[in-house]
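Protein sequence lines correspond, in order, to chains B and C. First residue of the first sequence? That's 26 in my numbering, and the numbers climb one at a time after it. First residue of the second sequence? That's 77 in my numbering, and the numbers climb one at a time after it.
Just so you know, the hints here were simulated from the structure itself, not pulled from any lab data. Ideal Cβ positions, reconstructed from N, Cα and C, are used throughout, including at glycine. Among these hints, one or two may not hold up.
Stated by the list, open to error - Far from chain B, by Cβ distances over 12 Å, these chain C residues were calculated: (1) Gln95; (2) Gly99; (3) Pro101; (4) Tyr124; (5) Ser138; (6) Ser144; (7) Thr145; (8) Pro155; (9) Lys159; (10) His163; (11) Lys168; (12) Pro170.
Claimed, not checked - Okay, the calculated beta carbon distance ranges per label pair: (13) B:Thr89 / C:Arg127: 48 to 54 Å; (14) B:Trp326 / C:Arg127: 27 to 33 Å; (15) C:Gln118 / B:Leu94: 22 to 28 Å; (16) B:Phe192 / C:Arg162: 41 to 47 Å; (17) B:Ala44 / C:Asn128: 39 to 45 Å; (18) C:Asn128 / B:Gln211: 33 to 39 Å; (19) C:Arg127 / B:Val265: 29 to 35 Å; (20) C:Pro151 / B:Lys287: 49 to 55 Å; (21) B:Leu94 / C:Asp122: 19 to 25 Å; (22) B:Arg245 / C:Gln118: 39 to 45 Å.
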Amino acid sequence: MTPAPASTDDPKRVAEFEARIARGETIEPKDWMPEKYRRQLIRMMSQHAHSEVVGMLPEGNWITRAPSLRRKMSLMAKVQDEAGHGLYIYCGTETLGVDRHDLVLQLLSGTAKYSSIFNYPTLTWADIGAVGWLVDGAAIVNQTMLAKASYGPYARAMVRICKEENFHKRQGYEIMATLAAGTPEQHAMAQDALNRWWWPSLMMFGPHDADSPNSGELSRWGIKRKSNDELRQRFVNLTVGQAKAINLTIPDPGMTFDEDTKNWIFSEIDWDEFWRVVKGDGPCNRERLAARRKAHDDGAWVRAAAEAYAEKQARASSAA
Amino acid sequence: MSASDSGSTSHKLWEVFTQPPGGGPHEHAGSVHAADAEMALQNARDVYARRNEAVSLWVVPSDQITASTPEDMGPFFEPGNDKAYRHPQFYKVPQGVRVF
Chain B
26 MTPAPASTDD PKRVAEFEAR IARGETIEPK DWMPEKYRRQ LIRMMSQHAH
76 SEVVGMLPEG NWITRAPSLR RKMSLMAKVQ DEAGHGLYIY CGTETLGVDR
126 HDLVLQLLSG TAKYSSIFNY PTLTWADIGA VGWLVDGAAI VNQTMLAKAS
176 YGPYARAMVR ICKEENFHKR QGYEIMATLA AGTPEQHAMA QDALNRWWWP
226 SLMMFGPHDA DSPNSGELSR WGIKRKSNDE LRQRFVNLTV GQAKAINLTI
276 PDPGMTFDED TKNWIFSEID WDEFWRVVKG DGPCNRERLA ARRKAHDDGA
326 WVRAAAEAYA EKQARASSAA
Chain C
77 MSASDSGSTS HKLWEVFTQP PGGGPHEHAG SVHAADAEMA LQNARDVYAR
127 RNEAVSLWVV PSDQITASTP EDMGPFFEPG NDKAYRHPQF YKVPQGVRVF
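Starting from the given sequences, assemble the full structure and let the hints guide the process.
Here's what the structure looks like:
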């Protein structure tokens with residue numbers, strides 16, 4: 026399934042390709058592209074699609090226990106959107122010559138990665154607020170940048186997704202604001218959720234630029250237009266005011282405002298924790314994959330029935 | 077993977093075209109997998125029209141689409157490039173006439 030190595034690429038064609046990127050042209054599925062560009066995109070887009078799919082699990086956990094019908098309807102719609110987002114991106118990835126079925130099997134066998142944030146548990150209802158506000162908020166910052174990616178199908182999927190994510194972020198923030206303005210116990214619940222989700226949310230942007238093995242190539246080829254650290258800073262700057270407005274405290278006492286750059290300077294991320302979770306040792310890695318495998322296996326009879334029905338219909342219409 | 081997976085590959089691929097409200101033409105939205113056309117329509121509705129994005133949907137088996145290739149770009153579209161007389165700017169109008 027992995028295409029031929031990059032060394033087969035003709036340097037002249039690579040130069041032409043890079044000139045197209047430099048002119049701001051969009052690369053489309055049938056255009057010539059370096060094998061490495063194709064492989065980086067398949068890796069990045071399939072990880073992104075898997076993240077949307079696995080992302081349904083921590084939130085699905087609370088659908089049956091949502092505190093009101095309004096919250097329950099919103100959460101169901103949000104989780105359904107995440108399934109849709111996964112499908113948009115799988116569809117974009119397939120334009121690179123891979124089959125979705127193979128990508129799904131990579132996820133289920135544990136060989137493909139997905140965003141580490143979804144390996145943290147949603148312990149209370151406030152976590153649903155924190156996930157919408159922080160996790161979707163961070164995703165919007167990242168995806169707004171990816172909406173300008175050089176690969177057309179990826180960029181177009183991101184445009185579609187960004188429009189929908191805004192609802193996700195606002196519903197999460199509304200949950201947090203409501204709890205934070207409630208009883209002392211409810212406020213404490215919201216604060217506790219922020220405390221637990223803040224650092225994992227900052228980790229969503231990936232390692233420091235200097236420690237990010239793929240960043241150079243991704244930015245040279247116009248897949249990523251901003252670096253991990255730039256995006257992380259943007260997210261922090263946006264979020265500080267939002268936390269203050271609802272009377273919650275970001276769990277970083279060392280945070281200071283830099284008057285010159287207008288940036289909020291935050292403390293160092295626990296990179297040991299980051300790598301531990303990436304490598305499979307987060308609080309929920311095993312549980313998430315087990316749930317995905319079970320869902321896939323439990324759906325096997327539905328897929329088989331759909332195929333059998335389609336065959337039967339095709340036979341009936343060719344006989345008629 | 078599990079035994080239930082043997083023999084079950086992806087369903088067939090369909091391209092989805094959506095027509096937005098307001099009278100615009102159908103536009104390519106993306107693709108879906110489905111075993112048959114009816115299921116493709118239902119999947120397309122769930123994936124690409126959750127928020128009134130469409131008043132009409134087309135689904136077409138992806139392998140039924142014939143497309144121009146990037147190599148065609150120059151020569152294939154050439155006949156349209158050198159015919160300036162197909163554009164209104166080609167024609168002179170006496171000065172002061174504002175009808176056009």
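Checked hints:
| no. | hint | verdict |
| --- | --- | --- |
| 1 | Gln95 | 16 Å, holds |
| 2 | Gly99 | 21 Å, holds |
| 3 | Pro101 | 17 Å, holds |
| 4 | Tyr124 | 8 Å, violated |
| 5 | Ser138 | 9 Å, violated |
| 6 | Ser144 | 9 Å, violated |
| 7 | Thr145 | 6 Å, violated |
| 8 | Pro155 | 21 Å, holds |
| 9 | Lys159 | 25 Å, holds |
| 10 | His163 | 24 Å, holds |
| 11 | Lys168 | 34 Å, holds |
| 12 | Pro170 | 41 Å, holds |
| 13 | B:Thr89 / C:Arg127: 48 to 54 Å | 25 Å, violated |
| 14 | B:Trp326 / C:Arg127: 27 to 33 Å | 31 Å, holds |
| 15 | C:Gln118 / B:Leu94: 22 to 28 Å | 26 Å, holds |
| 16 | B:Phe192 / C:Arg162: 41 to 47 Å | 45 Å, holds |
| 17 | B:Ala44 / C:Asn128: 39 to 45 Å | 41 Å, holds |
| 18 | C:Asn128 / B:Gln211: 33 to 39 Å | 35 Å, holds |
| 19 | C:Arg127 / B:Val265: 29 to 35 Å | 31 Å, holds |
| 20 | C:Pro151 / B:Lys287: 49 to 55 Å | 53 Å, holds |
| 21 | B:Leu94 / C:Asp122: 19 to 25 Å | 22 Å, holds |
| 22 | B:Arg245 / C:Gln118: 39 to 45 Å | 42 Å, holds |
Of the hints listed earlier, those the structure fails to meet are numbers 4, 5, 6, 7, 13, in rising order.
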